Amino acid sequence: MSNIYGVTLKSEGKIYYFNGEDLELEKNSYVVVETEKGIQLGKLMYKADNEKVNIPTSEMKKILRPASDEDYNNFLDNLKDAEKCLIKARNIADELGLSMSILDASFTLDRKQLLFNFIAEERVDFRELAKRLAGAYKTRIELRQIGARDKARTVCGIGQCGRTLCCSSFLNHIDSVTMNMAKNQNIALNPSKINGLCGRLLCCLTYEDDEYIRCGNGMPNVGQTVKTEFGKGKVISVDILNRKYKVDLDGVIKEIVLDSGDSSK
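For the sequence shown, position 76 (counting from the first letter as 1) is numbered 98 according to our numbering, and the numbering increases by one without interruption.
There could be a bad hint or two in this list.
Think about it this way: if two alpha-carbon atoms lie no more than 25 Å apart in a straight line, the pair counts; the simulated DSS-like pairs of lysine-lysine are [said to hold, decoys possible]:
(1) Lys173 - Lys134
(2) Lys83 - Lys134
(3) Lys134 - Lys160
(4) Lys65 - Lys134
(5) Lys276 - Lys266
(6) Lys134 - Lys36
(7) Lys84 - Lys74
(8) Lys102 - Lys59
(9) Lys69 - Lys32
(10) Lys160 - Lys110
(11) Lys59 - Lys69
(12) Lys83 - Lys110
(13) Lys106 - Lys173
(14) Lys36 - Lys69
(15) Lys69 - Lys83
(16) Lys110 - Lys134
(17) Lys36 - Lys84
(18) Lys32 - Lys102
(19) Lys65 - Lys83
(20) Lys84 - Lys49
(21) Lys266 - Lys215
(22) Lys173 - Lys32
(23) Lys36 - Lys74
(24) Lys32 - Lys65
(25) Lys36 - Lys249
(26) Lys84 - Lys65
(27) Lys134 - Lys59
(28) Lys49 - Lys32
(29) Lys205 - Lys266
(30) Lys256 - Lys268
(31) Lys160 - Lys102
(32) Lys266 - Lys249
(33) Lys153 - Lys110
Keep in mind that the hints were calculated from the coordinates and are not lab data.
All values reported here derive from a predicted model rather than from experimental measurement.
Given only the sequences and the hints, what does the whole structure look like? Please build it.
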């Protein structure tokens, strides 16, 4: 059975699973891994429990080898050089009058590829930019246009919950998030409350949506007039997860609990 390791490719970044085959590696050691973007250096965070990882090892990228001192020094040199490349790329883009914002630059460990991520309102013809960069750095250039969510994932940051953004720390796939999810959870539809740093709906709205739908079955909405054992009244608040709500009966407030005999306090 192959060894599976959790590896991060940047400080406090997302952890990816890699197939270590028969390698026995230590926690916090550095490894050279194969990724979709080429060969990169990563930090080994832990050895995973094969039974708890629901990704077949055949679909995982591989750990090629433990990183040597030379690998690590090359990685540090690449970081410094990538910062200089980023400045140059931005200057060239300005000279060409391209309506784009280049966010970052990164070399693969073997420097066979230099990747730039950028955002733009519309499609950008960056062929001349790529040509000039390839001429300057003598390597394959990739310019990738990303969206608002991908920008947040790349730049990282702290969410309104006080924790590192989910997309930058552990989410491997960003599910579709809809306004109905906020409505299901009875959250005020205030952009400052339901939008993340990316300006899009919070990814965490998806986490408990199924449970809110289940618990909200048969629950009234705030403002709705309902019949109770105490008479007709107007719903003034709801507690979906505890399946209870409060009703105003001509100035008398009663709490109705569903699935518990509709008792009141």
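Tested hints:
{"no.": "1", "hint": "Lys173 - Lys134", "in the structure": "holds, 24 Å"}
{"no.": "2", "hint": "Lys83 - Lys134", "in the structure": "holds, 18 Å"}
{"no.": "3", "hint": "Lys134 - Lys160", "in the structure": "holds, 9 Å"}
{"no.": "4", "hint": "Lys65 - Lys134", "in the structure": "holds, 21 Å"}
{"no.": "5", "hint": "Lys276 - Lys266", "in the structure": "holds, 10 Å"}
{"no.": "6", "hint": "Lys134 - Lys36", "in the structure": "holds, 24 Å"}
{"no.": "7", "hint": "Lys84 - Lys74", "in the structure": "holds, 18 Å"}
{"no.": "8", "hint": "Lys102 - Lys59", "in the structure": "holds, 19 Å"}
{"no.": "9", "hint": "Lys69 - Lys32", "in the structure": "holds, 18 Å"}
{"no.": "10", "hint": "Lys160 - Lys110", "in the structure": "holds, 14 Å"}
{"no.": "11", "hint": "Lys59 - Lys69", "in the structure": "holds, 23 Å"}
{"no.": "12", "hint": "Lys83 - Lys110", "in the structure": "violated, 32 Å"}
{"no.": "13", "hint": "Lys106 - Lys173", "in the structure": "holds, 20 Å"}
{"no.": "14", "hint": "Lys36 - Lys69", "in the structure": "holds, 15 Å"}
{"no.": "15", "hint": "Lys69 - Lys83", "in the structure": "holds, 15 Å"}
{"no.": "16", "hint": "Lys110 - Lys134", "in the structure": "holds, 19 Å"}
{"no.": "17", "hint": "Lys36 - Lys84", "in the structure": "holds, 17 Å"}
{"no.": "18", "hint": "Lys32 - Lys102", "in the structure": "holds, 15 Å"}
{"no.": "19", "hint": "Lys65 - Lys83", "in the structure": "holds, 15 Å"}
{"no.": "20", "hint": "Lys84 - Lys49", "in the structure": "holds, 17 Å"}
{"no.": "21", "hint": "Lys266 - Lys215", "in the structure": "holds, 24 Å"}
{"no.": "22", "hint": "Lys173 - Lys32", "in the structure": "holds, 15 Å"}
{"no.": "23", "hint": "Lys36 - Lys74", "in the structure": "holds, 18 Å"}
{"no.": "24", "hint": "Lys32 - Lys65", "in the structure": "holds, 8 Å"}
{"no.": "25", "hint": "Lys36 - Lys249", "in the structure": "violated, 50 Å"}
{"no.": "26", "hint": "Lys84 - Lys65", "in the structure": "holds, 14 Å"}
{"no.": "27", "hint": "Lys134 - Lys59", "in the structure": "holds, 10 Å"}
{"no.": "28", "hint": "Lys49 - Lys32", "in the structure": "holds, 15 Å"}
{"no.": "29", "hint": "Lys205 - Lys266", "in the structure": "holds, 17 Å"}
{"no.": "30", "hint": "Lys256 - Lys268", "in the structure": "holds, 8 Å"}
{"no.": "31", "hint": "Lys160 - Lys102", "in the structure": "holds, 17 Å"}
{"no.": "32", "hint": "Lys266 - Lys249", "in the structure": "holds, 14 Å"}
{"no.": "33", "hint": "Lys153 - Lys110", "in the structure": "holds, 13 Å"}
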